Amino acid sequence: MSRFEFYNNDGLRIDGRRSNELKNFESSITTTSNFANFSRNTSTNTTYLQMGQNKVLVTINGPKEPTNRTKIDSNKATLSTNINISKFSKVNRNTNKSNLPDKQTLEWEYEITQLFSTIVVLETYPKSTISINVTVLQQDGGVLSAIINCITIALINNSIQIYDIITAVSIGIVDQKHFLLDLNHLEEQFLSSGTIATVGGGDQVSLLRIRDKFPLDLIEEFMQVGLQGCSVLKEIITKQVKDMNLNKLVEIQ
Amino acid sequence: MAKDLVITNTERQFILDLLANSQRLDGRKSLLQQRDLNINITPNRYGDIYLELKRDDGSIATRLHCKVTAEIVKPKDQRPFEGTFYINCEFNGLAGLNFENYKVGNNSDEFYYGRLIESMILRSNALDLEQLCIVAGLKVWNIRVDVHVLEFDGGFLELASIGCMTALLHYRRPDVTVRNEKVTIHSFDEKEGVKLGVLHIPIALQFNLFPLKEAAEIIKTNTSSENNNELVVLDCTLKEDLLKDGEFIIALNKNREIVQLNKPGGIPISASKIVEFSHMALPIIEETTNKILKAIDIDEKKRNKYAHLLSAENDRYVE
Chain A
1 MSRFEFYNND GLRIDGRRSN ELKNFESSIT TTSNFANFSR NTSTNTTYLQ MGQNKVLVTI
61 NGPKEPTNRT KIDSNKATLS TNINISKFSK VNRNTNKSNL PDKQTLEWEY EITQLFSTIV
121 VLETYPKSTI SINVTVLQQD GGVLSAIINC ITIALINNSI QIYDIITAVS IGIVDQKHFL
181 LDLNHLEEQF LSSGTIATVG GGDQVSLLRI RDKFPLDLIE EFMQVGLQGC SVLKEIITKQ
241 VKDMNLNKLV EIQ
Chain B
1 MAKDLVITNT ERQFILDLLA NSQRLDGRKS LLQQRDLNIN ITPNRYGDIY LELKRDDGSI
61 ATRLHCKVTA EIVKPKDQRP FEGTFYINCE FNGLAGLNFE NYKVGNNSDE FYYGRLIESM
121 ILRSNALDLE QLCIVAGLKV WNIRVDVHVL EFDGGFLELA SIGCMTALLH YRRPDVTVRN
181 EKVTIHSFDE KEGVKLGVLH IPIALQFNLF PLKEAAEIIK TNTSSENNNE LVVLDCTLKE
241 DLLKDGEFII ALNKNREIVQ LNKPGGIPIS ASKIVEFSHM ALPIIEETTN KILKAIDIDE
301 KKRNKYAHLL SAENDRYVE
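First to last, the sequence lines map onto chains A and B.
If you're matching positions, the first sequence starts at 1 in the UniProt record's numbering and goes up one per residue.
If you're matching positions, the second sequence starts at 1 in the UniProt record's numbering and goes up one per residue.
Derived from the structure by calculation, the hints contain no laboratory data.
This structure is a prediction, so every number in the text was calculated from the model and none was measured.
Some hints here could point you the wrong way.
[Unchecked claim] Cut-off 25 Å, straight-line C-alpha distance, at most; resulting in silico cross-link-like pairs (BS3-like, lysine-lysine):
| no. | chain 1 | residue 1 | chain 2 | residue 2 |
| --- | --- | --- | --- | --- |
| 1 | A | Lys177 | B | Lys213 |
| 2 | B | Lys291 | A | Lys76 |
| 3 | A | Lys127 | B | Lys29 |
| 4 | B | Lys254 | A | Lys103 |
| 5 | A | Lys97 | B | Lys74 |
| 6 | A | Lys103 | B | Lys29 |
| 7 | A | Lys213 | B | Lys291 |
| 8 | A | Lys90 | B | Lys139 |
| 9 | B | Lys139 | A | Lys97 |
| 10 | B | Lys76 | A | Lys103 |
| 11 | B | Lys74 | A | Lys76 |
| 12 | B | Lys29 | B | Lys239 |
| 13 | A | Lys213 | B | Lys254 |
| 14 | A | Lys213 | B | Lys195 |
| 15 | A | Lys97 | B | Lys76 |
If we strip away everything but chain B, and leave its shape as in the complex, we get:
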């Protein structure tokens, strides 16, 4: 991702040796240990999320900002009943000195990851686009998620997918009434906003592969699946990320459904390992999903502190 960052041969060897002894440069004890995730929801705003990955010593490794905005647009000709959805993720100078400000080419990792998150949400119907229709063929909502990287030390894909889903779950669009084909948009003072239809929560997880042998050797020893040809590392730092030699991305939801499963090239791994990783990912993703739901729940309670006082609803007895 970072173009100018060059790792010297000695440092490269050092990091790889550490990994071979299952140690990490930032002090983590195991290859599968992830850094602490913090979800901060900005008060008084909808769909404005800050995510942090914290190192063991408490300093912030990666910081991400996700913001949802909605506007009314004309729908696409082929799909007059559906709203539109767009994710804009960008690395720019904010993320660190080694990131450039201009737009990078289409063949880059970040283009690929951005596309992956977009299709993760769109193709699995995680966001119900039909709810976003106001007047068929004329007016629909366009939901746009902006992902900004404020500080970067690896873990972009996971954070971006968590951030997008949290922001979409939290966001409320203004309510709209249609009368005689006249559309009125109500501000939040007039009417409570409407939540987006999020049907399930897919979260991406990236397994990074580091070869223990030369690539040629791995390819030649074709059937030895019990041999350990590679190391699998979760939640890479930036330096590890630049040294990796292949990756395996899986997006799952809590209902045991694979939403995306991607292994774009890199060193080959045996099929049984892929199955193993996919099952390994499930508890991690369940944990993350619970974290997201909890963060949103806490925020909801803070927001509606006086809800029970203002409500005109009578107590009801349920038999």
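Chain A with its partners taken away, still in its complex shape:
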């Protein structure tokens, strides 16, 4: 095991949280402070999410006419995701010279596209594309979950029809018995961890990703902790989206 004590006898983690405590979660509809300039359905409509020290920006472009004629689907819209993880987002600067995304980012793009293709009501927007552009400014463990949460909020704010809210959370396991919710970067580095995303805070799992060795008999508990975290997160997101939209209304009037 590593030299860190991830979960001490008092039930506290490295950063002083309890095992099932989420990081603070703050989102805002637009990055410009001037709400008077706010206009809907422009690509300047950027959603910002801060989940602990994860800072994620999402811009949603569309639904618009596809630039490439061959991509047109006459029945429904096509979805595309582009994730840009900035080189300064980690503690150590990424020294990779090329500007091409690394393999993990490509995997995330694939998974996120698959995930949101079933959640967005694509039939409403035939012959068009919706492109999701993600920029990660700072990462602190569980970036994938932060990206998914931010895209959900961005879709709502861009008035794109979705069936339900998707929430995602990362989970780690200490000493084969304690489950930690919403990891920070130290925990993510040293523990076996996974990400889970559910639809509408219920028990319907829509994305699951465990890439580390993990005991099979603990999978049930893992899911329970994940589902709980997701349902809490759903309440938070719903509340924040409502508040944001109220603020927006007030500003416009």
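We have chain A already, so just place chain B on it with the hints.
Below, chain B alone, put in the same frame as chain A:
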């Protein structure tokens, strides 16, 4: 995976109706029945494996070739004590008329599956990379597995993971001696090859999901976990593979450890089902692992037919 293959609406409906009655297009009786797996190891060579999936009538559905090669390279700067490992899996014109020869984009299924197998082996330390170091910081072995699809009718992920693990278990690299920083590579005539350090055998299994209702309905009926919203099918054929609406991939080893657990989007399924599937996968994977070990054992015996005659070892009595 295949781009040009288009399934007509009537055929689509037909296949889905068959599945709803738990029947398959190729004559299998149940949704969870897998096709017969054949592992052929090429004699006189190390790490050269042909895998076959056979239909019930004996014809070959999918054929895969896995080949391990090793070469000496300079290690990565961050990890001077570790060898490197790379998997190259490709579909090309060999696999069938509907596969193109040029390289497909990064957003495709096959890229994703290839990555999955690579990280399945690397992240779980199934292959001990530290054994591959010759001179720290200067010379390490680079192990490369080439996976070629020769005939394709579904079941790529399982076969590729089985093939890679069999090939790695079977492969022997040339022995190396280091004296005064001078490296000598011994050919197989001089010295017996050295086996790679395979610490455990992870095998992937793919559960394919077919919705019984509209996606919207499944999402709306949130808490009804006892309702059957989807069909689960093992070992899809190519046509079923194109019609599926979600998948669930699990890689396990015999020691009851999950190595990979992936559900990339698709229709949502309830958490209890995922737990159920994970436990269901274990006996299947145990069976496959035994099959691999048996195939390698048989090959070993064939190879060393005269070993007992050539050995200079005395009989020893163990108390």
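Outcome of the hint check:
Proximity of Lys177 of chain A to Lys213 of chain B is assessed by CA-CA distance (about 38 Å); at most 25 Å being required, the pair is judged violated. Our distance criterion of 25 Å between C-alpha atoms is broken by Lys291 of chain B and Lys76 of chain A, whose separation comes to about 45 Å. Of the pairs offered as hints, the one joining Lys127 of chain A and Lys29 of chain B is violated, with about 40 Å between alpha carbons and a cut-off of 25 Å exceeded. A distance of roughly 29 Å separates the Cα atoms of Lys254 of chain B and Lys103 of chain A; the hinted pair therefore is violated under the 25 Å criterion.
Note on Lys97 of chain A and Lys74 of chain B: the hinted pairing holds, with a Cα-Cα distance of about 19 Å set against a maximum of 25 Å. Of the pairs offered as hints, the one joining Lys103 of chain A and Lys29 of chain B is violated, with about 39 Å between alpha carbons and a cut-off of 25 Å exceeded. For the proposed pair Lys213 of chain A and Lys291 of chain B, the alpha carbon gap of about 23 Å is at most 25 Å, so the pair holds. Taking the CA atoms of Lys90 of chain A and Lys139 of chain B, the gap is near 30 Å; set against the 25 Å cutoff, the hint is violated.
About 24 Å separates the Cα atoms of Lys139 of chain B and Lys97 of chain A, which keeps this hinted pair within 25 Å; it holds. Between Lys76 of chain B and Lys103 of chain A the alpha-carbon distance is near 17 Å, which keeps this suggested pair within the 25 Å criterion. Of the supplied pair hints, the one linking Lys74 of chain B and Lys76 of chain A is violated, its CA atoms being roughly 50 Å apart against a limit of 25 Å. Restraint check for Lys29 of chain B and Lys239 of chain B: the C-alpha separation of about 17 Å stays at or below 25 Å, so the hint holds.
This hinted pair checks out: Lys213 of chain A and Lys254 of chain B have alpha carbons roughly 13 Å apart, not beyond 25 Å. A distance of roughly 24 Å separates the Cα atoms of Lys213 of chain A and Lys195 of chain B; the hinted pair therefore holds under the 25 Å criterion. Distance check on the hinted pair: Lys97 of chain A and Lys76 of chain B sit about 15 Å apart at the alpha-carbon level, within 25 Å; holds.
When each numbered hint is compared with the structure, violations occur for hints 1, 2, 3, 4, 6, 8 and 11.
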